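Work out the full structure, taking the sequences as your base and the hints as a guide.
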Amino acid sequence: MSLKLGVPSKGRLMEKTFSWFEKRGITLSRSGSEREYAGKVDGIDGVTLVLLSAGEIPRELASGRIHLGVTGTDLVHEKLPRWEQQVEQVSLLGFGQADLIIATPACWVDVDSLDDLDAVAAAFRKTHGHRLRIATKYHRLVREFLSDAGVADFTLVDSQGATEGTVVNETAEAIADITSTGETLRANHLKILSDGLILKSQATLWRSRVASYDTTDKQILTELLDRLS
Amino acid sequence: MPNRSQIQARAAMMRVRFEAAGAQVVDPPLLQPAEILLDLYGEDIRARAYVTSDALRGEQMLRPDFTLPVVQMHMSEGAEPARYTYSGEVFRRQEHDPDRANEYIQVGYEVFDREDPAGADAEVFSLFALQLRGLRLRAATGDIGILTAAVQGLRTTERRKAALMRHLWRPRRFRVLLDRFSGRKPEPEVRAELLDDTDPMGFDVPMIGKRRASEIEARIEALREDRATPPISDNELTGLEALLTVRETMPFALEQLRDVAVDLPQITPALDRLEARIAALQARGVDVERLDFEAAYGRTSMEYYDGFVFGFYAEGRPDLPPIATGGRYDALTRQLGNGVEIPAVGGVLRPDLMLEIEEVAS
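Just so you know, the protein sequences line up as chains A and B, in that order.
Heads up: the first sequence begins at 1 in UniProt numbering, then just goes up one per residue.
Heads up: the second sequence begins at 1 in UniProt numbering, then just goes up one per residue.
Hints were generated in silico from the structure; no laboratory data involved.
This one's a predicted model, so the numbers in the text were calculated from it and none came from an experiment.
Some hints here could point you the wrong way.
[Unchecked claim] Derived CB-CB ranges, DEER-like: (1) 133(B) / 147(A): 33 to 39 Å; (2) 238(B) / 168(A): 46 to 52 Å; (3) 80(B) / 147(A): 35 to 41 Å; (4) 59(B) / 183(A): 33 to 39 Å; (5) 209(A) / 222(B): 49 to 55 Å; (6) 97(A) / 238(B): 44 to 50 Å; (7) 56(B) / 222(A): 53 to 59 Å; (8) 212(A) / 248(B): 54 to 60 Å; (9) 162(A) / 206(B): 15 to 21 Å.
[Claimed, not checked] When the alpha-carbon atoms are kept at most 27 Å apart in a straight line, the in silico DSSO-like pairs for lysine-lysine are as follows: (10) 185(B) / 191(A); (11) 137(A) / 210(B); (12) 79(A) / 4(A); (13) 126(A) / 210(B).
Glycine residues also receive a C-beta, built at the ideal position from the N, C-alpha and C atoms.
What follows is the structure, encoded as structure tokens:
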């Protein structure tokens with residue numbers, strides 16, 4: 001057996017994860033061609049690199065198919081309802097910072113808070129005959145956040161990309177999405193609600209609580225965590 | 001743990017008892033159109049019900065309860081008065097507690113009768129008590145209609161009353177609104193600035209989205225009007241607060257509520273209905289002197305109930321959901337009946353939980 005480490009398979013998240021490990025004396029690399037999702041680990045024995053899409057890493061950790069994994073707090077919280085029992089946070093990696101927020105059109109001068117959003121949702125439904133639509137891919141987090149805040153008369157519409165554009169296109173009235181600088185929001189004439197922060201996220205190394213660890217795995221884990229801390 | 005066939009046998013036995021009480025057996029489909037459920041419960045239902053779909057019928061939900069299909073069936077083809085009973089699976093998504101079942105059997109009884117609402121309330125409650133006889137349970141009752149009457153009779157604007165009514169089932173948001181309307185909480189600064197602005201629509205960002213400028217203007221106008229409206233009086237507020245804390249055995253609760261009615265005279269007709277219900281329960285042999293009544297009962301979990309509400313809970317088992325729940329839902333029939341309303345009261349029992357607590361007891 002060996003310890004399986006899941007890392008995002010492409011883009012800046014992968015590069016930054018590689019260099020984070022590199023600084024700690026562990027070299028992660030893709031083996032073979034760019035298209036092949038197999039990886040190689042140098043600098044420590046007994047660790048296998050598994051390259052996966054960042055969105056699949058929470059599920060792989062929760063099922064115990066990987067022992068360690070790097071992915072955003074947002075994805076873990078969204079995809080694993082009882083994440084505390086399935087995974088343990090090992091290290092915050094200090095990159096990939098982003099906030100999950102609720103944003104409305106900037107021209108809604110009468111809307112600043114969730115209170116306002118709720119009141120507007122009620123009036124909107126009466127005027128337009130349907131609920132106020134909020135575009136997002138974070139259905140569970142957004143629904144729980146809004147329900148806890150007592151916001152009613154909204155409906156979530158699925159948007160897996162270009163979410164900021166849904167308002168201009170009139171397929172949604174508001175959005176809930178990840179933002180780091182807020183620039184895309186401003187460019188799309190959207191503003192963040194003053195109390196609309198759902199979650200602060202960043203790239204995080206997680207350990208699966210459900211994966212099985214034999215004696216060698218445990219030794220390797222201790223050594224690895226020692227070097228990463 | 002009881003097995004599936006034991007649960008089904010118990011369910012069948014209970015249904016036969018409801019048939020003996022005059023109910024007709026109905027068997028609504030497992031798949032329900034999602035749209036009506038979403039309309040009724042809002043986005044929250046997605047967290048509680050399993051959704052599936054096909055290209056022809058669109059989104060469907062595995063039935064999260066029986067009430068809705070039974071009401072629909074009655075509204076489209078039923079004769080009055082009517083009594084129905086059913087038993088079968090309902091499905092509930094569980095995202096937080098793996099010990100809660102996501103599929104279980106409910107047995108239910110629903111009464112559609114215009115003549116004698118107090119009598120129908122008492123009939124349902126006493127039949128349920130009979131089904132549950134011998135189990136160590138605590139019964140709780142309440143009446144959403146009293147709170148509704150209190151809010152609708154407040155001496156304030158229709159707009160404020162509508163806002164409070166909309167959040168009757170969300171105590172926290174209700175509280176926030178009440179604090180604002182009574183002037184206990186100051187207006188947020190951002191809002192004050194907006195309302196003081198002589199040209200709030202003179203912004204330099206483009207108008208985007210389906211919500212039009214006229215709607216924004218209308219809301220600003222409404223907020224300005226509201227700012228000029230006097231606060232809800234201390235008397236009424238104290239009355240509402242006193243009402244919500246009433247928690248007593250039935251006759252004493254009625255007495256306390258009669259005191260509250262000095263400040264909130266609008267609840268008197270609802271209290272007369274409560275009094276008639278107490279008498280009807282007594283006539284059916286229910287020991288009302290020992291039956292709990294909480295004015296705030298059913299406010300958080302029972303969204304479509306708007307009058308009498310009740311629940312039976314296993315003593316010493318706070319981990320278990322209620323063994324039986326029910327209540328009056330006249331407004332639901334109004335909403336589904338396109339203006340036609342049929343007073344209705346009913347409830348459901350959980351044979352699986354009944355068997356479970358019997359097993360532990362023996």
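Evaluated hints:
no.	hint	in the structure
1	133(B) / 147(A): 33 to 39 Å	holds, 38 Å
2	238(B) / 168(A): 46 to 52 Å	holds, 49 Å
3	80(B) / 147(A): 35 to 41 Å	holds, 37 Å
4	59(B) / 183(A): 33 to 39 Å	holds, 36 Å
5	209(A) / 222(B): 49 to 55 Å	holds, 51 Å
6	97(A) / 238(B): 44 to 50 Å	holds, 49 Å
7	56(B) / 222(A): 53 to 59 Å	holds, 57 Å
8	212(A) / 248(B): 54 to 60 Å	holds, 56 Å
9	162(A) / 206(B): 15 to 21 Å	holds, 18 Å
10	185(B) / 191(A)	holds, 26 Å
11	137(A) / 210(B)	holds, 21 Å
12	79(A) / 4(A)	holds, 20 Å
13	126(A) / 210(B)	holds, 13 Å
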